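Residue numbers (this note's numbering), protein chains in the order written: chain U, 25 to 513; chain C, 12 to 109; chain B, 26 to 525.
Just so you know, these hints were derived from the structure itself, not from any lab. Computed from a predicted model, the values in this text were never measured in an experiment. One or more hints might be untrue.
Cβ-to-Cβ under 8 Å is the rule here; a few derived chain C residues that face chain U [to be verified]:
#, residue
1, A27
2, E42
3, V56
4, P62
5, I68
6, N71
7, I73
8, I78
9, V79
10, P81
11, P85
12, S96
13, F100
Between beta-carbon pairs, the in silico distance windows are [to be verified]:
#, chain 1, residue 1, chain 2, residue 2, range
14, B, Q151, U, A408, 32 to 42 Å
15, U, E311, B, N101, 38 to 48 Å
16, C, T84, U, H247, 39 to 49 Å
Now the stretches of chain B that chain C is said to cover, found in silico as 3 or more residues with beta-carbon under 8 Å [claimed, not checked]:
#, stretch
17, 146-155
18, 158-172
We put the beta carbon where it would ideally sit given N, CA and C, even for glycine.
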Amino acid sequence: MAAALAAGTTTSVALTNAHYAQIEKVDSAVHAFLYLDKEGALAQAEAVDAKRESGAELSPLAGVPLALKDLLTQKGIPTTCGSKMLEGWRPPYDSTVVSKLKAAGIVILGKTNMDEFAMGSSTENSAYGPTHNPWDLTRIPGGSGGGSAAALAAFEAPLAIGSDTGGSIRQPAAVTGTVGVKPTYGGVSRYGLIAFSSSLDQAGPCARTVLDAALLHEVIAGHDERDSTSINAPAPQVVKAAKRLDVKGMKIGVVKELQGEGFQSGVLSRFHEALDALVSAGAELVEVSCPTFDYALAAYYLIAPSECSSNLARFDSMRYGIRVGDNGERSAEEVMKLTRHEGFGPEVKRRIILGTYALSSGYYDAYYGSAQKVRTLLMRDFNAAFAKVDVLVSPTAPTTAFKIGEQVDDPLAMYLNDIATIPVNMAGIGGMSVPCGLAPEDGLPVGFQIMSPAMRDDLMYQVGGTLEAALLAKWGAPLLDKAPVLVAN
Amino acid sequence: MAGISRDDVAHLAKLARIEMSDAELDHLAKEMDVILGAVARVQEVAASDVPPTSHPIPVNNIVREDIVRPSLTPQEALSGAPAQSEGRFKVPQILGEE
Amino acid sequence: MSLNYDQAVAKYEPTLGLEVHVELNTKSKMFCSCSTEFGGAPNTQTCPVCLGMPGALPVVNARAIESSILIGLALNCSVAPFSRFARKNYFYPDMPKNFQTSQYDEPICVNGFLDVEIETDEGLKQFRVEIERVHMEEDTGKSLHVGGATGRIHGADYSLLDYNRAGIPLVEIVTKIVGGTGKYAPQVARAYVTELRDILRSLGVSDLKMEQGSMRCDVNLSLAPSGSGALGTRSETKNVNSLRSVERAVIGEVIRQANRLEAGERIVQETRHFLEESGQTRPGRSKEQAEDYRYFPEPDLVPVVPDSSWIEELRATLPEKPSTRRARLQAQWSVPDKEMASLVNAGLLDVVEETIALGAEPTRARSWWLGEISRLANEREVDPTSLISAAQVSEVITLIESGELTDKLARQVVEGVIAGEGTPSEVIAQRGLKVVSDDGALMLAIEAAIAAQPETAERIRGGNIPAAGALIGAVMKATGGQADAAKVRELLLKHLGQGA
């Protein structure tokens with residue numbers, strides 16, 4: 025698309041309108057979007073077209089439309105985080121990611137659906153109804169960023185932004201047959217990314233190809249003085265890496281602990297075929313053991329709820345968001361309690377209570393404190409592994425997309441969906457999911473996860489780009505061509 | 012092991028300022044038991060000589076100069092307020108104020 | 026029968042703890058770049074960060090770290106090689122994030138001390154108050170309550186919040202347990218806060234206006250039976266807004282707790298509120314159980330690791346310690362301990378030093394401020410330095426030294442300046458207060474006096490010098506007290522053949 029824009033064979037306005045047309049056609053079925061900003065998007069599109077006419081220099085992605093996960097603030101545009109708590113809230117400021125997108129001339133079509141406050145693996149925890157997987161509308165699109173991934177898979181947008189705390193970009197990418205990347209922690213500014221678990225959250229690029237993700241990555245990454253945890257270094261050169269299409273001599277570590285029980289057989293078979301493709305391309309496979317991975321899920325479900333119990337305390341109806349029960353007689357405290365009861369869904373409440381417990385006096389050492397030690401051990405495992413190999417790989421998710429409603433009553437089962445993605449966030453390294461085929465038993469997409477060392481995002485793009493090219497050659501056409509054509513209901 | 016009672020959850024709900032019905036408290040107590048049972052295993056490997064990690068990327072001393080920059084206008088600051096009066100956020104009475 | 030203070034401290038041993046919060050005078054807030062200026066219209070100095078908006082993130086103010094370290098160094102603390110911010114979680118509408126970004130088990134400075142001097146029955150005594158920690162945190166917004174506090178009138182009660190103050194840097198200074206003060210606990214507490222204030226003032230890190238809230242003191246107190254060696258349950262008293270209140274709060278709590286203990290009642294660990302008018306305390310918000318703050322390291326901020334050479338640079342900039350300065354001045358002026366203590370306690374040291382620096386003779390400078398000016402100030406129940414300036418006092422003293430004013434005249438000049446009649450020169454001119462020292466004018470008055478009392482003059486001629494007093498008195502009267510009495514005497518005696 026960028027090429028077409030640059031060549032002048034189409035305009036941004038045309039592209040934008042075309043995407044809105046597609047959205048209108050399919051989104052009543054998919055429900056990827058919570059809000060469409062037609063006015064703002066077209067204004068941006070027109071501005072970019074005008075600039076291009078005048079011959080001014082534009083960024084590579086200028087004029088290309090994008091879907092934004094509703095967890096990032098966009099000034100004056102409703103930002104709900106998939107929650108009733110922020111229904112109708114229009115932030116008075118842009119997140120840094122949005123500022124960068126606007127500066128690059130990217131056209132933000134609207135805000136996408138998500139699990140409430142990024143907590144979930146299916147987008148069923150959204151207060152506004154679930155998103156449906158374009159591959160099979162009765163199935164989940166993954167979570168928490170199901171809306172962004174579904175928008176890509178349904179061709180409602182060519183680019184999207186998501187956020188990833190335990191797999192919320194990568195797992196939806198896997199189950200929708202798209203590409204999703206979690207940059208090294210600190211690589212993309214969190215200013216304006218509404219916090220779920222501050223030491224784990226990262227915003228990242230989502231797209232249908234590795235190169236598109238790389239181009240978007242370079243737009244949004246970089247140091248931000250408003251984010252104390254942001255890496256003080258320029259954006260990594262991932263576009264170059266994505267174009268290398270070469271893994272000769274690279275050592276690829278296959279994580280022993282992420283292949284066994286709990287992994288669907290079709291997922292494993294596609295995973296192994298992808299490994300074969302990489303070997304054919306000249307890489308060497310090494311089996312690596314990361315024993316602490318067995319504890320990663322448990323540690324994550326202590327750290328993330330703890331941080332979120334604190335991050336979500338600000339939602340008390342005093343300064344923004346909904347207010348419930350203020351009849352002039354109740355105290356502030358009573359109104360706070362009623363508002364938080366109404367405004368938060370069950371999963372959010374569950375995690376707040378869990379986090380409050382894990383941090384409470386008498387329990388801190390046993391729970392939160394111990395979980396932070398597991399983090400240290402995980403990082404040691406990764407360091408040891410990366411001393412031997414360039415990247416680590418695993419299937420992104422243990423299964424393909426499950427049915428909507430299937431796991432919603434079983435929190436623990438739901439948490440297991442992130443078993444392969446969580447270690448990456450815990451250690452702060454980079455992780456990417458690339459489509460590697462359809463599972464034979466159900467014809468649903470399978471994702472291949474690549475993990476690269478901190479500050480070496482280029483490595484995962486290098487491997488991801490090569491794999492994608494190899495599989496494309498094998499399939500003859502992109503995977504998404506096989507997705508069912510969506511018809512409006 | 013855990014053994015979370017409804018009273019325990021009620022106390023946590025109070026700390027977290029979330030109103031909950033008895034039914035919700037009971038339900039959550041059961042869920043907490045299950046979840047805590049699953050996550051408690053972190054204690055198995057959390058040896059005393061392992062230091063905790065709170066930041067994945069070890070960096071220190073990120074600071075900014077003591078310079079004043081423009082604030083939001085009061086209209087922007089109050090734009091999301093459920094209620095306001097005289098340029099201030101209007102909230103239900105705060106009990107027990109000194 | 027209820028115990029008074031003396032009775033209370035005869036039976037019980039008080040143990041103190043003091044927590045002082047200081048608002049730093051940085052230009053911008055602790056974690057964002059909003060202005061910290063006092064008195065702005067509500068919510069005009071706020072941003073997503075200090076409003077705790079979703080998605081906002083803190084960035085630490087470098088000057089706040091520097092000020093905190095300076096404070097720690099001035100209090101003889103060790104600066105922590107590794108320090109971290111932590112979240113203190115609790116809900117309150119004036120706290121935008123419903124947690125305060127503070128420090129918990131890794132504060133910026135630890136283990137210091139401050140020596141204070143108090144007057145005891147046995148004379149001046151030194152007392153060392155040990156300091157547990159100095160740490161950084163942020164201030165809250167301000168709430169205004171509208172409607173009656175008691176009872177609930179439908180629709181009438183609500184609160185209004187202004188977040189201009191939210192996020193202003195605060196430094197908290199916490200003492201270790203202060204025991205062994207015996208009955209002098211109130212004085213020790215007051216002396217500590219006074220000395221602390223002086224040190225902070227010399228560092229220039231805060232405007233330290235207790236009445237405005239830029240320096241806040243919480244007093245912790247517990248009692249135990251004398252000689253028991255045990256520690257009682259403590260109460261925490263807030264809203265202590267002046268040095269005098271610190272002293273009174275300690276006294277009030279000692280009396281209250283002692284009387285409860287006498288009656289066999291237990292002391293509840295609680296936060297209490299100091300009442301200016303009565304000097305007593307009342308219970309604050311009742312909490313069924315202590316709040317669980319669930320501290321954990323702040324994930325949005327990275328650790329503070331002060332470079333040791335930077336710390337030494339800062340240490341080199343520390344101004345002279347107030348106690349060192351006092352010792353120096355005392356030696357310089359050759360002032361006895363008691364007088365020095367009086368000067369310090371009256372808060373007059375600075376102004377006296379200034380007066381002397383402007384040229385006034387030191388002994389006169391001290392005695393004027395401690396004597397006449399303090400007397401006039403006490404009459405009016407105000408601070409001496411608010412009545413007249415060092416420059417003005419210096420001017421008056423210089424005129425005395427040069428003989429242009431007598432002490433008596435000078436008193437009238439000072440009175441005139443205080444009354445607002447103008448500068449010393451203006452008052453002298455307007456009231457015509459200059460000493461008459463012109464020999465000619467004086468001789469005229471002398472001759473007139475002699476003419477009026479010829480027998481007295483004869484006696485003086487005859488060698489009766491003391492008789493001169495009556496004639497001098499007459500001359501003084503005739504000149505409205507403006508004659509230089511010594512000069513009159515000299516001229517008179519000479520004139521009558523008795524000059525020496």
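Structure-based check of each hint:
1. The interface hint given for C/A27 holds, since its Cβ lies 5 Å from the closest Cβ of chain U, which is under the 8 Å cut-off.
2. Because the closest C-beta pair between C/E42 and chain U is about 6 Å apart, less than 8 Å, the hint holds.
3. Nearest Cβ of chain U to the Cβ of C/V56: about 6 Å, under the 8 Å cut. The hint holds.
4. Using the Cβ-Cβ criterion of 8 Å, the hint placing C/P62 at the interface with chain U is satisfied: the shortest such distance is roughly 6 Å.
5. The restraint placing C/I68 at the interface with chain U holds, with a minimum CB-CB distance near 5 Å, inside the 8 Å limit.
6. For C/N71, the interface hint is violated, the least distance from its beta-carbon to any beta-carbon of chain U being 11 Å, above 8 Å.
7. Annotation: interface hint on C/I73 holds; nearest CB of chain U at approximately 4 Å, less than 8 Å.
8. Against a cut-off of 8 Å between C-beta atoms, the interface hint on C/I78 is violated, since the closest Cβ of chain U lies about 12 Å away.
9. Hint status for C/V79: violated, given a least beta-carbon distance of 15 Å to chain U, over 8 Å.
10. With a least beta-carbon distance of about 12 Å to chain U, the hint placing C/P81 at the interface is violated under the 8 Å criterion.
11. Evaluation of the C/P85 hint against chain U yields a violated restraint, the C-beta minimum of about 11 Å exceeding 8 Å.
12. Residue-level restraint check for C/S96 is violated (minimum Cβ-Cβ distance to chain U is 13 Å; threshold 8 Å).
13. A hinted interface residue such as C/F100 counts as satisfied when its beta carbon comes closer than 8 Å to some beta carbon of chain U; here the least separation is about 6 Å, so the hint holds.
14. A hinted range of 32 to 42 Å is violated for the C-beta pair B/Q151 and U/A408, which are about 59 Å apart.
15. Here the CB-CB span from U/E311 to B/N101 is close to 58 Å, at odds with the stated 38 to 48 Å.
16. About 28 Å separates the C-beta atoms of C/T84 and U/H247, a value inconsistent with the hinted range of 39 to 49 Å.
17. Evaluation of the coverage hint for the stretch 146-155 of chain B: breached, as 0 residues show C-beta separations to chain C shorter than 8 Å, against a requirement of three.
18. Three residues within the 8 Å Cβ limit are the bar, and the stretch 158-172 of chain B against chain C gives 4, so the coverage statement holds.
Violated hints for the displayed structure, listed by number in ascending order: 6, 8, 9, 10, 11, 12, 14, 15, 16 and 17.
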